[in-house]
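Novice: Those protein sequences? They're chains D and S, same order as listed.
Note that this note's numbering numbers the first sequence so that position 584 is 579, with each residue one more than the last.
Note that this note's numbering numbers the second sequence so that position 56 is 46, with each residue one more than the last.
Treat the hints as calculated values from the structure; they're not laboratory data.
Quick reminder that beta carbons are idealized off the backbone N, C-alpha and C, glycines included.
Don't take each hint at face value.
Claimed, not checked - Chain S is nowhere near these chain D residues, computed Cβ spacing over 10 Å in every case:
| # | residue |
| --- | --- |
| 1 | 29 |
| 2 | 32 |
| 3 | 36 |
| 4 | 97 |
| 5 | 99 |
| 6 | 102 |
| 7 | 121 |
| 8 | 167 |
| 9 | 211 |
| 10 | 221 |
| 11 | 295 |
| 12 | 556 |
| 13 | 584 |
| 14 | 586 |
| 15 | 597 |
As the list claims (entries may be wrong) - Using C-beta positions, here's what the derived DEER-type ranges look like:
| # | chain 1 | residue 1 | chain 2 | residue 2 | range |
| --- | --- | --- | --- | --- | --- |
| 16 | D | 10 | S | 169 | 26 to 34 Å |
| 17 | D | 17 | S | 0 | 51 to 59 Å |
| 18 | S | 175 | D | 406 | 39 to 47 Å |
| 19 | S | 22 | D | 10 | 37 to 45 Å |
| 20 | D | 17 | S | -3 | 30 to 38 Å |
| 21 | D | 45 | S | 29 | 33 to 41 Å |
| 22 | D | 596 | S | 0 | 18 to 26 Å |
| 23 | S | 113 | D | 590 | 53 to 61 Å |
| 24 | S | 0 | D | 10 | 42 to 50 Å |
| 25 | S | 169 | D | 39 | 40 to 48 Å |
| 26 | D | 596 | S | 124 | 50 to 58 Å |
| 27 | D | 13 | S | 4 | 50 to 58 Å |
| 28 | D | 590 | S | 217 | 47 to 55 Å |
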Amino acid sequence: MQDAPETLEIAEFLRQHPPFGGLSDAELAALIRALEVRYYRRGSTIISAGDENDWFSMVRSGAVELRLGGSDLNARLGEGGCFGYPSLLRDGRAQNEAVALEDSLVYRIAKPAFLATIRSHPEFRAFFEIDEAVRLRRAVDRMRQVASASEGSADTLGAHASIGSLVRRTGIVTGDPGMAVYEAARLMTREDVSTLPICRDGRLIGIVTDKDLRRRVLGVGLNLSSPVSAIMTKEPVTAVPDTPILTALITMAERHIHHLPILDPAGEVIAIVSSNDILSQLGSNALHIAKAISASADSGQVADATSQLPQALTGLVAAGVDADHVSRYVSTIGEGAHRHLLKLGEEKLGPPPVPYALACFGSLARAEQALGSDQDNGFVFGEGYDTAQHDAYFAELARHLCDGLNAAGYRYCPGNIMATNPTYRRTAEEWADIFRSWIESPDPQAVLESTIFFDMRALAGEKSLVEGLRREVFAEAAKNGIFLSFIARAAATTRVPLGFFRNFLLQDDADEGRVLDLKTQAIAPIVDIARTHALAKKLVATNTMERLSGAADSESLPRDAARDLAACFEFVRDVRFRHQAEQIVRGEPPSNKLDPASLSRFDREHLRDAFKLIRDQLEKLRSQFAGGVT
Amino acid sequence: MMLPPFNAWRFSRRFDAARKAAPEGPLRDFYEAGHPGFATPVEDLEMIAIDLETDGLDFDHSALLEAGLVAMRHDRVFAGTGKRIRIRPPAALSEASVVIHRITDEALKDALDEEAALAKLLPMLAGKVLVAHFAEIETGFLDAACRRVYDAPFIAPFVCTMALENRWFPRPRAADGLRLAKLRAQYGLPAYRGHDGLVDALACAELLIAQLAVRNSGPTLGDILRR
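Using the sequences and the hints given, assemble the complete structure.
Specialist: In structure tokens:
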């Protein structure tokens, strides 16, 4: 009789590591029957690149370094780290070299048993799929699950919940457009509501609030017999029960509204959710900041309002809000600060003498701002602008704006890309000439410095000025293959950390590349890839996620690659926001730089996957746009 | 360094004498399988690590409770060959050994009596080099059991990882410095829970591959055998 392998220590160890924990006793026993224990002295080679490899390997103790084939990228594996499996799945030779960094005990499972388990167990297979992208996407999903699980009971749901979960009362009171203002007021008093949806034939056509009664009736002495349709806000912004709370929050912050009618699929109003309902759920001052900015009387008050942004961000991160929403929220606040400071400036200096627009560049233009962003802005002038006559006004307006932004935490741009710099106060034609000079005679350094301008968005003023400029510039860029190849090459020179992982597990060889800069090393390359495709296909979107999906729609980027990059982008930004939230809690200024040793194993492993994926995509980008041919 | 010839000669003579003394059956079969020559390079040896759990240290009067075994070569342990043989002691278990070895009456249900246990164990050992940490226990208890069951001695080529450490890497040590767990820690091997025959056999096997990896001087069976 054949005894089942009873090597308890090995089974227990395997069970502690994710894909093995999901195996049945019989499946695990089959793997252990094919398992060998090996010991490698520090410095000895376990697998050489190009070797026939017949083993799946797992570090039991010690540390093993993988030198990824054909690159200077290293991965360091500690206890539980797995290697040698891509070649088994591929049925090819090993591409990576594995070297023991310490005296190491390694479990090896023979190829046939490993492959048998791969075949019979989909989850086991999924874990070891060579595709880092898949693992990364799964990690993002898991992160979300963890975030939503940590919300606890249904009563304390966070920002992931849908707006429908906030609906408390049913049987909503509505008015009709023909009723008199006094009737509407009486109905609202009797029903004790501060908001009255106005419906015609069961469809929402407007909304009346307490504030409307004050401002549009009492304040102006309106006849109380007037129809309520005269004072209602027509075609109000609405949401459906499935709208995520955070999306609703951002909409309300952007539109400065405090009540949101919720419609069922048939278009009938089923509830009104107020900003207070949402705030009491999120427990953060998220909406309050936008409100405080727009109510500020001077730049000092704007700065007071934005100073609460770090706390609000901590709250959103703690509530498990995903990185994309956090970015959009932070960007919304940034936009609000820009607009309101400009408005205050105009109030002080008088109305602008010619039409103009405030353009912003970079992360704010992409709606991807994080904390600690610099300001990047400029003015675009319309018809009738004359430097001698008008520049003094705009120089003063720019000073007001940029000083105010700096005080509000949006530091002066180190590269002086600000409206205070005469170079960036131009007519639309002059702007177009500048862009044309970059596009038509590109040199590598100029291209590197100019990329930020291709992420451009109007924040205030005559937005069409910026829109027209953007359209013209993108049209020129799209047909210039040489320029595109320069842009693609500039992206590919971005420093994705390579030798960096060498320092990951062991503390004793510190000091070299200890700091990871998430912005320049992980986020910027993805932004660059998306921008290159956006230029090539004249995409209107400035947001990276939107550009990636636009690139896929226009078949500039394979759908898989777009999805992988988006998952990657979300993951690294999530790491950044969690890192920034921790810094805020510790009382440190938020930054994009972090010590890799502070990363959890989960983040570390998935960052490694992310870097690998980014690198691959950068290389593809470069070859796709090489030679000036699109 | 070779085992001195007279020792090799003496081992062979004792092995041969024991073969002749063994009755037909498992023990005789064990001897008929022979043993590898002392000049065999360790790379060519088939070995098996063994650990016995007993309820005392007196070979003749303490009970043999369990044998853990795992096959190995000089640089690898075949984890899938791990076996545990539970042995029903002649007398009732003492309370203390139940506690120490976590062996309960429940676990004894599939236990074999001493004769059946040896009949299962000996074919697994035949022709192999045996490996144990502090091999006096294993040699002593197996010899006592064979004398009880077959009225013949048990002679086998044994490697003792404790003796080997002392011989190859002599240095001043704490009183317990040669214990299995301490030595494993020195080699960077993970900590295992003790007092389980199979885990201890695995632990001992891993220690030997670590010792051989560090020694790395192409020894032969004669060099590593317990003297």
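Novice: Does the claim that residue 97 of chain D lies off the interface hold, with its Cβ farther than 10 Å from every Cβ of chain S?
Specialist: violated (6 Å)
Novice: In terms of Cβ atoms, is chain S entirely out of 10 Å range of residue 586 of chain D?
Specialist: holds (37 Å)
Novice: Just want to verify: residue 211 of chain D was marked as not at the interface with chain S; is every Cβ pair farther apart than 10 Å?
Specialist: Residue 211 of chain D is indeed farther than 10 Å from all Cβ atoms of chain S, at 76 Å.
Novice: Mind verifying the non-interface call on residue 36 of chain D? Its CB should be farther than 10 Å from each CB in chain S.
Specialist: violated (5 Å)
Novice: Is the distance from the Cβ of residue 169 of chain S to the Cβ of residue 39 of chain D consistent with 40 to 48 Å?
Specialist: Roughly 27 Å apart at Cβ, these two residues miss the hinted range, so it is violated.
Novice: So residue 597 of chain D supposedly isn't at the interface. Is its beta-carbon more than 10 Å from every beta-carbon in chain S?
Specialist: Holds, because the least Cβ-Cβ distance between residue 597 of chain D and chain S comes to about 22 Å, which exceeds 10 Å.
Novice: With 50 to 58 Å as the target window, see if residue 596 of chain D and residue 124 of chain S comply at their CB atoms.
Specialist: violated (38 Å)
Novice: Taking 30 to 38 Å as the stated bounds, is the beta-carbon spacing between residue 17 of chain D and residue -3 of chain S within them?
Specialist: violated (53 Å)
Novice: The hint says 51 to 59 Å between residue 17 of chain D and residue 0 of chain S; measuring C-beta to C-beta, is that right?
Specialist: holds (56 Å)
Novice: Is the nearest Cβ of chain S still more than 10 Å from the Cβ of residue 295 of chain D?
Specialist: holds (61 Å)
Novice: Does the claim that residue 102 of chain D lies outside the interface with chain S hold up, using a Cβ gap greater than 10 Å?
Specialist: The claim is violated: residue 102 of chain D sits with its nearest Cβ about 7 Å from chain S, within 10 Å.
Novice: Are all beta-carbon distances from residue 121 of chain D to chain S longer than 10 Å?
Specialist: At roughly 25 Å from the nearest Cβ of chain S, residue 121 of chain D sits farther out than 10 Å, so the non-interface label holds.
Violated hints, in rising order: 1, 2, 3, 4, 5, 6, 18, 20, 22, 25 and 26; the structure is consistent with all others.
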